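So the chains spell out like this:
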Amino acid sequence: MTGFLHQDVFSRAHVPVTDSVLAHAANTREEEGVVIRQGNAWYAKHHALKDIGLSILPRSIYAFIGPSGCGKTTLLRCINRLNDLVPRFRFSGELLVGGRDVYRLKGSRELAQLRRGLGMVFQQPNPLPRTIIDNLMLPLREWYHLSVTQAREKALEKLEEVGLLAEVKDSLHKSALTLSGGQQQRLCIARALMLEPDILLLDEPCSALDPLSTAIIEDLLLRLKDRYTIIIVTHNLQQARRISDYMALFYLGEVVEAGPTAQLSVNPQTQRLADFLSGAF
Amino acid sequence: MYRERSHTLTNGFGYIGMWFSLALILCVCLFIVVNVLNIGADVLSWKFLTTEPNPLMMESDPGGILTPLIGSFLLTALGIGIALPLALCTAIYLRYYARPGYFSLLIVTAIDILASVPTIVIAIAGLAIATLPQLSFLSTPLVGNGSAIEHSYGKSFLTAACAMAIMVLPFITKAIDESLKTVPEDLIAGSLALGASKWRTVTKVALKVSRPGIVTGVILGMGRILGDTAIIWLLLGGSLEMTGNQPWFAPQNWLSTLRNSGSTLTSYISDTSPVGEGNRYDVAFGASFVLVVLIVLLNAAAAFIGNLGRHKAR
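First to last, the sequence lines map onto chains A and B. Just remember that this note's numbering sits 799 ahead of the position in the first sequence, which is counted from 1. Just remember that this note's numbering sits 2 ahead of the position in the second sequence, which is counted from 1.
Keep in mind the hints are simulated off the structure, nothing from the lab. Source: prediction; values computed, not measured. Using N, Cα and C, we set each Cβ at its ideal position, and we do this for glycine too. Heads up, some of the hints might be wrong.
Simulated restraints, written as ranges between beta carbons of each label pair [stated by the list, open to error]:
| # | chain 1 | residue 1 | chain 2 | residue 2 | range |
| --- | --- | --- | --- | --- | --- |
| 1 | A | TRP841 | B | THR111 | 21 to 31 Å |
| 2 | A | TRP841 | B | ALA100 | 20 to 30 Å |
| 3 | A | LYS844 | B | LEU108 | 20 to 30 Å |
| 4 | A | TRP942 | B | PRO87 | 21 to 31 Å |
| 5 | A | LYS844 | B | THR205 | 42 to 52 Å |
Lysine-lysine pairs mimicking DSS-like chemistry, simulated, CA-CA at most 27 Å apart [as the list claims (entries may be wrong)]:
| # | chain 1 | residue 1 | chain 2 | residue 2 |
| --- | --- | --- | --- | --- |
| 6 | A | LYS1024 | A | LYS968 |
| 7 | A | LYS905 | B | LYS206 |
| 8 | B | LYS200 | A | LYS953 |
Work out the full structure: start from the sequences and follow the hints.
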């Protein structure tokens, strides 16, 4: 099974995607995705993001790559304003999600609605210490008046979508913490999809997982990109090459180079990206 | 070549020191329990637990410990009832709402200072406040020469419970804070990322995950209230029986009972010991044994619940 999956994922990397990516770009409207203009961010006095300008098109996979501490995760957490948790964090510039500036929302209600439309998956799988089914039903019942039966139906649908249903259908009422790391992460993806977001934010979702689980999740993301805009932060250049349509290299808080992955990985325009691709840092 | 260094001697000393300390602690513990049981065993009986003490403290007929026992439970419940909501709010505020700065530093420092104030100081400050005429609804008003209230008596279950709450407040706040600290950041972020509000995240995720730690803190706080004497002496009074309207257990007299003085196991022990007026040290030891058993049970419960949490979190 391992071999099959790896081969499957591997072969995709060699498909010449440039044409399809360009066609995709022509057919989609920027406003449906995420647009960042002159994004600057500070943690107290530390200037963490410098004049970021990116346009992330809907229904594609966009990878943020770069060394540790270069600002990828900071930018990701700006999109759903999770950085609000950090004391003395500040953002300036424009950050549009679906045409609305997330830093100019009014009130906590609008913020909550923004976050409802943005599913997020974290580096460490973070299921709540409850049952598998509860983990999925909780966000749904937090937002809508639903019967348990309705919520359960939706939960099973999402479990199927992430390919976890077959594995857990007999243990839906067991603690989510009994699952393996890879299964937990897929559960978290399913949970993020429960509220039917438009955009999926993934913060190094595979860095705590083994290669097999990684391959399963990469495969899942490739299936999901038809319906969701996926933004993934990764250390792993190979992963970015395997699954992403676009990528941006971050270095010391700046975007060094951004564009279609197939183009960038073959023909980097900057020395920095060439160095990164060759594994120099 | 260098001569090899032997650690046999230092290791040996280490082991001896360790075992000696352990043995000493065990011996002291055993000595106290055995001694208490040895002297107090004769008076222990079901009747001892279920009869009220003789208010005259006669050597020949001391009576049982029913009211002190109930007084202990009552005071513990009231004290925790007052302290827990305050401690929860304080801890949640400090961990999830306060911005780091002078104000939160001030609160944390105040909590630390309060934690180190001796209970006798809390008791005397409490007494000074509780005797204000404006607070006479907490205890029994004392009527002076005229018909006007001159000042409040100050001693009652309610005033003692308030002082107890102040005593355990920093203790429970710290315990809850430590427990909230162990809630993984990712769970909080995950909940917020799903669009849950901060308040829902705190109450539904953080408090749920940290509940074993909170319960442990509360139980240890109960132990402290059960074992305290200084506040009892100053704010509950030394009378052995309940001094409100009689019968004290009748529902229409509950408020009166709470507003009047009474006793707890600790004050009963002190009263019946040769230091007090009872001069029945066997009875004092019997009551001590009951108190020790209660506190051991509470600690065991705390340990059990703490373990339960650790098991679940895996």
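Okay, the hints, checked on the actual structure:
{"no.": "1", "hint": "A:TRP841 with B:THR111: 21 to 31 Å", "verdict": "29 Å, holds"}
{"no.": "2", "hint": "A:TRP841 with B:ALA100: 20 to 30 Å", "verdict": "21 Å, holds"}
{"no.": "3", "hint": "A:LYS844 with B:LEU108: 20 to 30 Å", "verdict": "25 Å, holds"}
{"no.": "4", "hint": "A:TRP942 with B:PRO87: 21 to 31 Å", "verdict": "29 Å, holds"}
{"no.": "5", "hint": "A:LYS844 with B:THR205: 42 to 52 Å", "verdict": "35 Å, violated"}
{"no.": "6", "hint": "A:LYS1024 with A:LYS968", "verdict": "25 Å, holds"}
{"no.": "7", "hint": "A:LYS905 with B:LYS206", "verdict": "25 Å, holds"}
{"no.": "8", "hint": "B:LYS200 with A:LYS953", "verdict": "25 Å, holds"}
This entry does not satisfy hint 5, going by the numbered hints stated previously; all others are met.
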